[in-house]
Each structure stands twice: as structure tokens, then as C-alpha cells.
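Participant: Each chain is listed here by its residues.
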Amino acid sequence: MNSAASRNADTPLLEIRDLAITFSTQNGPVNAVRNAHLTIMPGETVAIVGESGSGKSTTALAAIGLLPSNGRVSGGQIIFDGEDITNVSEKRIIELRGNSIGMVPQDPMSNLNPVWKIGFQVKETLKANGLDGANSKERVAEVLAEAGLPDAANRAKQYPHEFSGGMRQRALIAIGLACRPRLLIADEPTSALDVTVQRQILDHLDRMTTELGTAVLLITHDLGLAAERAEKVVVMYKGQVVESGPALEILRNPQHPYTQRLVNSAPSLASRRLKSSKVTQAPAEAVSVAEPAPSSAPAEGRKPAGKGENLIEVRNLTKVFKLRGALGKGTDFKAVDDVSFNVKRGTTMAIVGESGSGKSTVAQMALSLLSPTEGSILFDGVEVNTLKSKALFDFRRRVQPIFQDPYGSLDPMFNIYRTIEEPLKIHKIGDSKSREKRVRELLDQVSMPAATMHRFPNELSGGQRQRIAIARALALNPDVIICDEAVSALDVLVQAQVLNLLTDLQAELGLTYLFITHDLAVVRQIADDVCVMQKGRIVETATTDEVFSNPRQKYTQDLLGAIPGATLLV
Amino acid sequence: MSENLTPETEPAQPVAPAARQGKTSSRVIEHFVAPLEDTPLAAVDKVDNTAAPLSLWADAWRNLRKQPLFIISALLIVLVVVVAGFPQWFASVDPTSCDLANSAEGARAGHPLGFTLQGCDVYSRMIYGTRASLTVGVLTTIGVLVIGGTMGALAGYYGGWLDAILARLGDIFFALPLILGAIVINQLPAFRDNRSVWTVVVALVLFGWPQIARITRGAVLENRNADFVTASKALGLSRFSALVRHVIPNSLAPIIVVASISLGTFIVAEATLSFLGLGLPGSVMSWGNDISAAQPQVRNNPGVLLWPALALSITVLSFIMLGDALRDALDPKARKR
Amino acid sequence: MVMFTLRRFLQLIPVFFGATLLVYFLVFATPGDPIAALSGGKPMAPAVEAALRAQYNLDQPFWVQYGLYLKNLVTLNLGQTFSGQEVSAVIARAYPVTARLAIMALAFEAIFGVFFGVIAGLRKGKLFDSTVLVASLIVIAVPTFVLGFVLQLVVGVQLGWARPTVSGAAPWNELILPALVLGLVSLAYVIRLTRASISENMNADYVRTATAKGLSRRRVVVVHILRNSLIPVVTFLGADLGALMGGAIVTEGIFNVPGVGNLLYQAILKGESATVVAVVSLLVIVFVVANLVVDLLYAWLDPRIRYV
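Protein chains in written order, with this note's numbering: chain C, 1 to 570; chain L, 1001 to 1337; chain G, 2001 to 2308.
Only chain C is shown next, with the shape it has when bound in the complex (with noise of 0.2 Å):
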């Protein structure tokens, strides 16, 4: 393999000229890819970087003859290897799948097909491709534990769902390079895994392919993994490649306005918290991208007093859930283990972990919506889960909740209209003129046009119902806004958009916020102070600049050295 690819070291391996990508849809054709070009080195990695809906993935699988049924390259070449295999026949891409182009696909979960054993998928693929020799299944074992899958052989007899995240997507690695292809795509490897488990997964991926002399194209939103795992970095926009070079260049030397915009709001390549551009004049960095909002109404003057003090208290909090067994035998499950901490008025508190740490279940108990095992929560000095109807009504009234998923968050069968005036109806507030008034006030305050609120969610882009989300929690003018993963399932622009809106809400109205989120990087936009959790625990808690330089755990260590990019600006 080296030996080929040392020969043919200046032809390049992969060449996209002027392609273009139709899809045809109930609404007529779809330009999803226009005049896209790149050119992959024997050896080297590529990344191509975009929002969703850039054509990022399309062009990927365009070269591997993935297009979904409804597309067909319409125009321009795609070459490998001196070979034209824009439109090459069934038979000759079959050839070469597997062992001249490999694929590691985006999702681990959805990827292994549930019913055969890893061993069998794996062997399979050796089979298509004719490697499989007499001894297939040492094989087969050699190939997972060189993805790094510990106790290979026996690993091998599993099915997928025995499989962590991570492993299963090892044991796609072992399957996408099982038969050294001198080609990877890798269709944002990485993005469903846990932020510790990606550095992990990405550093043996690179270490793998660096040895095996493979060329990646290195598919992903994320800048910053771009620009750290690849030579060259390739910037798509809106079906177009906007601008591509040397990956450290594009990073520190942005020509083209849309990677400029990219580079700037990149969460893992901002380095401090957001500013409210409306308290003080927007420092150079911190980039406000939001909609210039008309200027609204001044915040009533009911909370800043008292800016500092504790107005939620959390003390030993413990959440245990019996876990169904085998016939009966329950196991309990502390999901919450002997958590406390502060979050004071005014300020970003951020709870940050990875899947299973327990943060949401914080986040559930904070919301009254689940009761403690054990422990406290003091909202303003009163005990929220012994709060009864009434009380409970009225706490309701002052800590509202942001979800993750946009597409979840809001009723698809009510209009925007409905949705932010769900709230008041609730709390019976004002009459319907007036409530028209107040979700009025709101859209502007979140910078939808009024026009918006006969619209359905369905109608809206995630950031969109993101804002909605927001506007209907902002409509019982709350002290508290819990954010669970509030801006993790958004574009990196439209996150940018939305963590600018926080906080200027935040300056506005002096609210006060719980954030979870897995993400860092987010961390230190928007939050105050930060709790690290780990399975059930709070390992770590200090503001956030205290725990950006002085980072005191290994875990949070780890958590820190898992983002990517976080160096390459300095």
C-alpha cells in the first residue's frame, strides 16, 4: 500500500472538478452541490467543513456512489485515481467499495445492522473484497483490535447492542479500513459520541491512517476538528465550496466572509464569555451575529437588586431509580449522587458532563419535575419539593425550561401564536388582547417577526424554534431559565445566534441560568460558573475562568483537552 501510494505520490488520489448534484424532489429538482471541487493527495487528509444542508456529506457520497435515490451528479467529474468515475458502472463501484474507498458513517448506532454478530459484518466485508484467507476469523480479530477494540476475538461474537457508542463506532473503523482502502471517508465520525470518546476515537483513527499511508476526507461541522485533524480544509456553504487551503491558513487567515463568520463563532475556538452587545460596546472577539433587534422595552426593574445572592441552593442532592431486572429483581441506579452547589441571581451557572453523568436529572429535580431521592433544592430560600399545588403553580410561574431538541420542544399541531401564549392562558393572564400584545413583545425580544406567530413549528428552522422555545419561557417573566442542552443539536452560526441572545437577555432582564450542556467550548461563552460532572457526581465546581486555566481534576483535564482546536488560534 505505501509502496503505491509513495508511487503515485504527485497524481492525486481523489479529484472533484465542477461537480454538481441534483436531487429531484415533489417540489421540482434541487441544486444540493454546485461547482464543487477538491483534490485529495495520496496520504493526505481533507476536511470538508459546513452547516447542515451545505452539501458537505452529499459531495462525500457522491464519490463513493452513496447518493440517495433521488440524486444524480448532474455535472462535472469526480476522478480516483486517474480514473473517471463520475457515472462508472455498478459492477466497477462495487470494485471499488471496501478496498479502494472506505466509509466510517456518522451515526454508530444506526450503522451495524442490529441482527449479525460484529464478527460476521466485519468477515463480510473482507469476504466482498476477497481477503478473506483460511484464517478469516484471526482475521477479523486482528482488524477490531487494531480499531482498538479491546479482547478482540471475543468482542467479535457480540452483537451490536452489546456495544458501547464508542466501540461500535471502533468496530466501524475496523470495518472501513478492514481492507485498506486508500481512501477514508469519514462522514462526521465522531459527532454522536461522547466529547472524551471522540478525542480517543479520532487520535487512533489519525494514528491508523497515518501508518496505513490512507488519505481521509474528513467530513464534519466543526472547524476546529477541521483545522486540527486535516492538512487542508475545504469550507462549503449552500452547495458551493467557498473557500479551501491549508487548514491552519484558512483557521488564522479567513478570506472568504462566510468562514470568516465561522472562524469567529466556532465555540471551540472562542476563548471568553459572551458580552451583551446592548450593556457594553461588543469587544472585538466576541461576535454578535443575531438580527440587529429593534430596541425593546427596558427589563422591569423587579430583580437587579440582590445581584449575587444564592437563588437556587442545591444540597446533597440524590436521585436513585430502580432499574427493571430479570423477573422482578429491581437494581437501583444512582443516576444523582451528593450534589450540591449555588447558582447566583443574575448569573450563568453550567453543569457540564458527558451522556450518564446525571446532569439532566439535576436539571429534571431543578424543574420540580421529578422528585429527589434525597437532598434539597432552595429556590429563593423555599424548598421546592415539598412545594404543594398552589406554591408549586406559582414556582412554576418563575423557572422555565429550554430543551435540546428544536424539533421536540415545541406541540407541531400549535401554531406559534398558541405556543407562546400557552404560558399566560395557564396562569391565566391578561385577556386576549393583551396576550396578543405580550407574545408580540416577545417575538421581538427574540428576534422572530411578528408575522412568525401564525406559523407552525414545522415551518421553522431549528434555531427558529429554538427562539420560539425561548419566547414562550420568557412569557411568565421567570427569574430561572434552565437550559438542557439548549443549543447542542444547532448550527454552529445559529448557536452563536442563540447563546447571543441568551445573554443578551440576560443583561436585559437579569436572569438567571442553569445551563447543561456536554460542550466546554459553550461553557465558556455564556457561563459564570461551571459544575464538571461524572457519573452521578460533581467532581469539579470554580468559575469558569479558574477552571479554563487552572483545570484542577484529570477529568475536567480530559473534558478540556477534548476540545477541538481550543489551541490553534493562540
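Take the hints with a grain of salt, since some may be wrong.
[To be verified] Stretch-level coverage of chain L by chain G, calculated; a stretch enters the list once three of its residues show a Cβ under 8 Å from a Cβ in chain G:
| hint | segment |
| --- | --- |
| 1 | 1161 to 1174 |
| 2 | 1178 to 1190 |
| 3 | 1314 to 1320 |
[What the hints assert, rightly or not] Not everything, but these chain L residues come out facing chain C in the computed CB check (under 8 Å):
| hint | residue |
| --- | --- |
| 4 | ASP1227 |
| 5 | PRO1249 |
| 6 | ASN1301 |
If you are wondering where the hints come from, they were derived from the structure by calculation, not from laboratory data. Using N, Cα and C, we set each Cβ at its ideal position, and we do this for glycine too.
Mind docking chains L and G on chain C? Use the hints.
Facilitator: Only chains L and G this time, still in chain C's reference frame:
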């Protein structure tokens, strides 16, 4: 799992995270920048105000209107409903004025489909038989929706012991297939002696509800933990109000689909029962009864059996097609974003 | 797997008791005198009536009656028909015929249903698919008894390819036509289920990954699409066996098949409650057992289930 870090917290040396260098290539890489005119920069996440606002139902309706399957079935159903409501508009001959002199006569002017063995007009009986079938179908569907829908929604939403009990109860009724169960019920003296549309409906509802209950339960389960339900609870909405206001409206799509198809199968079930002599009484004009009566002479005069059978099949087909069209239009997977 | 089997088995127990209780309750404990019903409403000698009451334990409280009925069910002491035959003997004669009929119908719907469903699913939106889909809709819409008459008339009488009615011994070859009729509606459901399942799986991520590995189209279809798609179909077929036995009542009537369905129908017409309860209980048992088998089959086919 194994790659997870150990749960114990490890105090670490106060070192800054290791700085990682990006990759640099020995090759010369051209720095390409597209001219700005090629891809003008749009405002981030701008609201598209061009199209008219569209609710999910309106969207589904727009989809439906384009489907031939829907158009055909809807027209047929309208026709069936009108025929059931106003049979006299379609047939001038009294279906009950039978003259043995006409027994098994062929078609002639004013009697396009000929006569039954009893000398009744086949066409007229076919038209007038619509009402009974449709009534049983509609009433049974309403019945199973009320019972099955309520049971399923409560079981799915509240879960726990209620769910366990309702699930077992459903299993028990499920163990007796619809027709078999209805046959057993209808042979009871209390039913056999008072046969009417209502006895048939009661029998069918009794054994037809578990299916709707299962569908409803599944749909409610899918929605009960949706973020918008949690959000409304956090707004102060009571648990039951959240069910009524948010969960049920969002669970309706699959229920409507199954209800439409079930309506067709209930009509078949009624006809089958009547055919077996265990359904509607002979005094009620119905397709099932007519088919049953025509059975002995099927070899000599098949038309007498085939015409009501055709009417029955087309009615059932139109409801099943409607269900299919609705499924396509309301499919949550297709309308996701 | 053992635990799973055991748990499923335990779950069936309440269903069995519940369903038999339901049947028993419906037949023997509803308003109206079951003894009068037993005699078809004709007057009978007081001694006979007393004997009958004792035979069906109607002089006992309801729960005792039900308990005794269960005991009789287990010991196959099912009572006698009006003509004095042992109900168990009558059922023993009719049962194999219906079993044969149902198995043939099942084989028929499995083979043709899966075949047409797979092809339609793989060619979604093409002519073959649309044709199959429309045909399946029509089959579902036309009641079984109409289909039965039409096929009997066309195939049996006019074309003379098969005997329009079945002779006493009901051999396999004479059951082909009734089995076809019995299985036809389920066939349509199998086609639709298979088709939907196939076309859903074709868009699964793991199918794309399998293609990206360099597998041939054929292998992707057979190994990755078919196996996954057939899991729901197999479970449907299993559950359908019970339903087919119950549904045989119409088909057996039309073709005069001397099976359980016919037996039940005659018993209902004559008002022989003992036979009705016995046959229905039997069908419930078949249904419940078939469902158990389906559950186990499901677990065997889908490795994810076993560990839940």
C-alpha cells in the same frame, strides 16, 4: 463501556491541557477563495416568510388532494353516505314489495339487475342495504374509538399498574378473533332473541376495541415524553390537561388511519355475521343478509349474490383506500421537518 | 433465553384463564336460561333438566362452576352432544382437518405473500408494486365468503379444476381451494407488511454502510435487507395461525369441510353450548400457544430482544 474513565476522581497536576498542533503538509496547497458574488451571504437563520403559514393538518390536506387514491376513495365514500342517507333518490322501486311472480327473473326495464328468488328487485335492495352496513360500520368504529381510545390513552399515558391491567385485558379479548368472538356473543339467547343493529354493534365493539387500544397506547407512549409535553408541565399545566391538550392531538394520526381501515373491516364483519345468520335480523335489509339468501341459487343466478357483494366490496375498499391515503399523508416519518 | 421463555410463559397464564373465563361467562352465565338454550327452547322432562344442571354444575356458585369447567377442560371431559357423542371425540375427528387447512393456508400466504411483498418493496413505486398493492387492497375489501363463492363457482363448477366441496376424509388435494380462500386475506396483509418493512429497511443506515463495504447488491438485499425485514412478517404469520383456525368457520361452511369451524357453526345453530365452549376454548388455547411460539421466534430472530 471499558473505555470510560474510572469513576474515581483523580486530582491532577495543575498543568494546562497539552497544546496540539494542527497538521501541516509538505505539499503546496493552494488557498482558494470563491468570489463573493457566487454565494452571497445570507443572514443567519432568516425566517422564510414567502409561503403561506401551514398547519400540519393543512399540510396533510394539501398532500391528500393530490393523491388519486384519496380522491377516488373520498368520492366513493361520499356516494355511499348519500345513498345510505337517501336511498329513495337512487331507487324508485320499493325493495320490500316483492312479487313471487317475478321470482329469479332477469333484468328488464326499471329493474336493471333482475329479481331475487322471492321476486324482490335486486338493484333496489342493493341500494337500500347500504344504510344498515354503513350504520353498523360507523357505530362500531365510534364505539371502539371511545372504549379502545380511552383505554389505550390512559394505559399509555399513566403506565404502571393501569397499563399492566389494561394490557392483560386487551390480550384476553385479543385471544378471541373478532368474528369468532362476535359469533359467540351473538348466539347468546339475550342477543339471539333481540337481534338488531345494536346487538351486532355491541358484539363487534366488545371484540374490536383491543386493536384501537393498542394503536392508541403506542401513539400516546411515543408522545408522552416529548419535550413539548414536559415543557407544558413545567409551565404549570396539569398532567391530565397535558394529555388532552398536547398528547392526544399529536397521537391522532395513526388512530385515524386505523379507524378508517377498521370501519371497512367492521362492515365485512357485519356482513359475515349476517351471512352466517348471526348478524342483522332478516327484517333489516342488508347486503350480508341478501348474500346469505342468494347463496342456495348461486349456481343458477349468481348475479343476485354478486351485486350486493360488489356494493359491499366497493364500500369496504373505499374505506381501506382512504386509510391508506391518510397513512401516506399523515406519516410522521414523511412530515418530520 | 431460558428466563425469557419462562417469563413469556408466565405472562400467558392470566391470558389463558381470562379468555376461558370470558368464554365460559358469555355462554353459561348470561341472562337467559342456558338449559333452555341447551334444548333449543323445547320443553324437557324435569329429570333431564336436573341432570343437565348437575352435568354443567349450574347448581353451583359461578366460581365453582368455572373451576369445574377448567378441570373438565384439562381432563378432556367435555360433555356430550345432543346426539350422545362425546364432544372430545367429535373435536378429535374435526381438529386434524382444520389444522391441515390452516397449515396449508399459512404456507400459501407465507410463500406468496413474502415473494410478492419483497419484490414490490424492492421496486417501490414501479408498475409491479402498484399492481400488487391494488390487488391486495381488493382482496382485503372483498369478504372471504364472497371470494369463497366466486372461486367455488369459477374454479370448482365452471372450470372443474377442483371439487367444489370437500369429501368426508378431506384429503390434502381437496383442501387446496379452501386453503387458498382462507389464506387470501392474510396473504394481502403479508404482502403489505413485507413491502412496508422492506422499503423501510432499504433506507436504513446500516444498509448504506453495507453497500459502502463493497458488498454486491444481491448480498446487501439478502443478508441485510431481507433478514431484518422478515422479522415482523414471521411474527405476523405465527399469530395468524390462531386467527386462521378461528376464521375457518366461514370457509369450512362454504366448502363443506368437516372441520372445527363447521362443527362450531353447527353447534351454534343447534344451540349445543357444551360444544361451543369446548371448541372456542380450544381455539383460544391454540391462539395463545401460537403467540408464545411467535414470541420465542421473535427473540430468536432479533438478538436485541433476548436480553431485555
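Participant: Against this structure, judge whether each hint is valid.
Facilitator: Do the hints match the structure? See the list:
1. Remark: the segment 1161 to 1174 of chain L is confirmed as covered by chain G, as 5 of its residues place a Cβ nearer than 8 Å to a Cβ of that chain, reaching the required three.
2. Given as covered by chain G, the segment 1178 to 1190 of chain L passes the check, having 9 residues with a CB less than 8 Å from a CB of that chain where 3 are the minimum.
3. Counting residues of the segment 1314 to 1320 of chain L whose C-beta lies closer than 8 Å to any C-beta of chain G gives 4; at least three are required, and the coverage claim holds.
4. Because the smallest distance between the Cβ of ASP1227(L) and any Cβ of chain C comes to about 4 Å, under 8 Å, the interface hint for this residue holds.
5. The criterion of a C-beta within 8 Å of any C-beta in chain C is met by PRO1249(L), whose closest approach is roughly 5 Å, and the hint holds.
6. Nearest Cβ of chain C to the Cβ of ASN1301(L): about 50 Å, over the 8 Å cut. The hint is violated.
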